[in-house]
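J.: Residue numbers (the UniProt record's numbering): 1 to 525.
To be clear, the hints were calculated from the coordinates, so they are not data collected in a lab.
Be a bit skeptical, because a hint or two may be false.
Said to hold, decoys possible - With a straight-line cut-off of 25 Å between C-alpha atoms, the simulated PhoX-like cross-links for lysine-lysine are: (1) K127 <-> K342; (2) K278 <-> K377; (3) K127 <-> K499.
Said to hold, decoys possible - Here are the computed distance ranges between Cβ atoms for each label pair: (4) K278 <-> S174: 26 to 34 Å; (5) E54 <-> A503: 33 to 41 Å; (6) T77 <-> D35: 34 to 42 Å; (7) K278 <-> E455: 32 to 40 Å; (8) T6 <-> E455: 47 to 55 Å.
Ideal Cβ placement from N, Cα and C applies to all residues, glycine included.
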Amino acid sequence: MTNFATRLEQVAKDQTVFKEFGRGVERETLRYTEDGQLAMTPHPTSLGSALTNEYITTDFSESLLEFITPVSHDVDTLVNQLSDIHHFTQAKLDNEKLWPLSMPCYVGKEDDIALAQYGSSNAGRMKTLYRQGLKHRYGSLMQVISGVHFNFSFPESFWDALYGEQDEPSRQASKSEGYFGLIRNYYRFGWLIPYFFGASPALCSSFVQGKESALPFEKIGGTLYLPEATSLRLSDLGYTNNAQSSLKIGFNSLNQYLEGLNEAIHTPSDDFAKIGVKVDGEYRQLNDYVLQIENELYAPIRPKRVAKNGEKPSEALSRAGVEYIEVRSLDVNPFSPIGITKEQIRFLDLFITWCALKDSEPMDDCELECWRQNWNKVILEGRKKGLELKIGCEGEKLSSQLWVKRVFDDLRSIAIVMDEAHGSDDYVAVCNLLEQWNDDPQQTISGQLLSMTKELGGLGKVGCELGKKYRNSNTEQRYRTYSEAMMEEEVIRSFAAQKDIEAADTQGFDEFLADYFAHLQTKAD
C-alpha cells in the first residue's frame with residue numbers, strides 16, 4: 001500500500017472529517033455600465049463602509065468590488081451565502097452590473113481607474129496609499145483583473161488521524177509542516193486548476209494599450225486571444241509581478257518561508273526608489289522596498305492565519321503557525337452568476353486533500369523553477385493535445401493529459417470516501433465530468449469561453465450578455481441564508497465602526513506610518 005493510500009485509510013476511519021472542512025470564498029468583480037465600460041461612480045454608500053463591512057468591500061479600485069463569505073462547513077451553505085451577497089449588492093447598483101469575467105471590461109485610460117477609498121483614518125489612508133504604490137509600480141490595469149480566492153482548512157480530527165494525540169506546540173508544528181507539504185504539492189500539480197478552470201484565454205485590446213508582448217495573439221474585433229490558452233490572468237501579462245521573480249521564498253518549512261518573506265520586505269528596490277516615496281509633500285507609495293507590505297507578494301497559494309488586531313500576517317504565522325491556506329489561482333467562472341460553482345469547490349476539496357496526503361519531498365530552487373515553467377505552459381497553451389510537461393529537474397517529460405489521468409486515479413479514491421461520508425455521489429460525479437474535459441480540452445471553461453467569444457464576435461459582447469443575464473438572476477433570487485434586514489444592519493454597523501476607528505486615531509499620518517514600518521529602520525540600522 002502506498003503512503004498516500006495508508007494516509008487516506010487513516011483519515012477515512014472517521015468519516016465526519018470530510019464534513020468539517022472549513023471553506024470561505026472571496027470573489028472580485030468590477031462594476032460596469034450598460035455600454036460595457038468601467039463604472040466611474042464611487043463605491044455605493046448603500047453597500048456600507050468598504051473599510052469595515054464584513055461581506056462587501058473593494059479591492060484596488062472604487063469600481064472593483066470584493067465579496068467575502070465567512071467560514072462554513074457545508075458547500076451548499078457557502079454557495080448560498082455568496083449568492084445572497086450578490087443579490088443584495090446587485091439590488092443596490094441601479095443600472096450598473098457586475099462584470100462576469102476575470103479580465104477587465106473596456107478601460108479608456110488607466111487614470112479612469114479610481115483608487116479605492118477607505119475614509120480619513122490612518123488605517124484607511126494607508127490602504128489607499130498602498131494601492132497608490134501598486135499603481136506607480138505596475139500600472140492600474142493589472143490591478144483590476146478579478147479572481148476568486150478559496151480559503152480552506154482541515155479540522156483537528158484530520159490532524160488527529162495523521163499524527164495522533166499531541167501537545168499544543170507539537171500539533172502547531174505538525175499542522176504547519178502538513179500545510180507546507182500541501183503547498184509544495186500545489187506548486188507541483190496546481191496547474192490542473194488553470195487547465196480545467198482557467199477562464200481568461202482572451203482579453204480586451206485596451207488591456208495591452210502601450211505594452212509590448214511577444215505572445216502570438218490572434219484577433220476577433222477588439223479582442224486578443226491565444227488559441228489554446230487557459231488563463232492569461234496568471235501569465236506575465238496578468239496578475240504577476242516580474243520584480244518579484246528574483247525573490248527566493250521557499251516552502252520547505254514555515255521558518256524558511258518567513259525568512260524569505262522577511263528578506264523581501266527588507267530589500268530595497270532600485271526601480272521602485274526611482275518612483276520616490278514622498279515627493280513634494282505627497283506620498284506615492286508606502287516605501288521603496290521590493291514589497292511595500294506582505295500582501296504584495298503574488299503567489300498562487302498562501303499559508304495564512306487570522307491575525308490579531310494590529311498584527312501583521314507574518315507575525316500571526318510566527319506566533320501560532322499555519323491555520324489555513326488561500327488558493328489564489330482561480331479565474332472568475334463566467335458561467336456562474338457568482339463566479340464559482342459547487343463542482344469547482346468539490347474539486348478543490350479533492351485536490352487539496354490529495355496535496356496534503358500525497359508524499360511531498362522538500363523542493364529546491366531548480367524544482368520550483370521547473371514547476372513554474374509547467375504552470376506557464378498550461379497557462380499559455382494548456383488545451384494543446386499532447387502538451388508535454390517536465391517531471392522535476394531530470395528532464396523526463398509526460399503529457400499533461402496522461403498526468404491528469406494518474407492524479408485522478410488518486411482523486412477518485414478520495415471521492416469515493418467523501419461521497420460515503422456525505423451520502424451522495426457528488427464527488428465521483430466531479431471526477432467523471434473533469435475526466436471528460438481532459439479527454440476533450442475544448443470542454444474546459446477556457447475552451448467554452450473562447451468558443452462563445454468567437455461566436456459573438458468579441459469578449460466585450462460575451463461579458464455584456466452574461467452580465468445582463470446574471471443581473472436578472474441575482475436580482476430575482478431570494479435570500480437563502482441571510483436576509484435583507486441582516487445585510488442592512490451590517491451596512492449601518494460598518495459605518496459606525498469606521499467612525500469609531502477614525503475617532504480613535506491619536507497620531508498624524510506620518511507618525512503612524514513611521515511606527516508601522518519601524519521594523520524596516522531597525523533592520524537597516
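J.: Give a verdict on every hint.
T.: Cross-check of the supplied hints:
The hinted pair formed by K127 and K342 fails the criterion: a straight-line CA distance of about 33 Å is larger than 25 Å. Among the hinted pairs, K278 with K377 is inconsistent with the structure: their alpha-carbon atoms are about 40 Å apart, more than 25 Å. Proposed proximity of K127 and K499 is supported: the alpha carbons are some 16 Å apart, at most 25 Å. The beta-carbon spacing between K278 and S174, approximately 46 Å, falls outside the hinted interval of 26 to 34 Å.
Against the hinted window of 33 to 41 Å, the Cβ-Cβ separation of E54 and A503 comes to about 20 Å, which falls outside the hint. Here the CB-CB span from T77 to D35 is close to 37 Å, well matched to the stated 34 to 42 Å. The beta-carbon spacing between K278 and E455, approximately 51 Å, falls outside the hinted interval of 32 to 40 Å. Between T6 and E455 the beta carbons are some 49 Å apart, a value that agrees with the proposed interval 47 to 55 Å.
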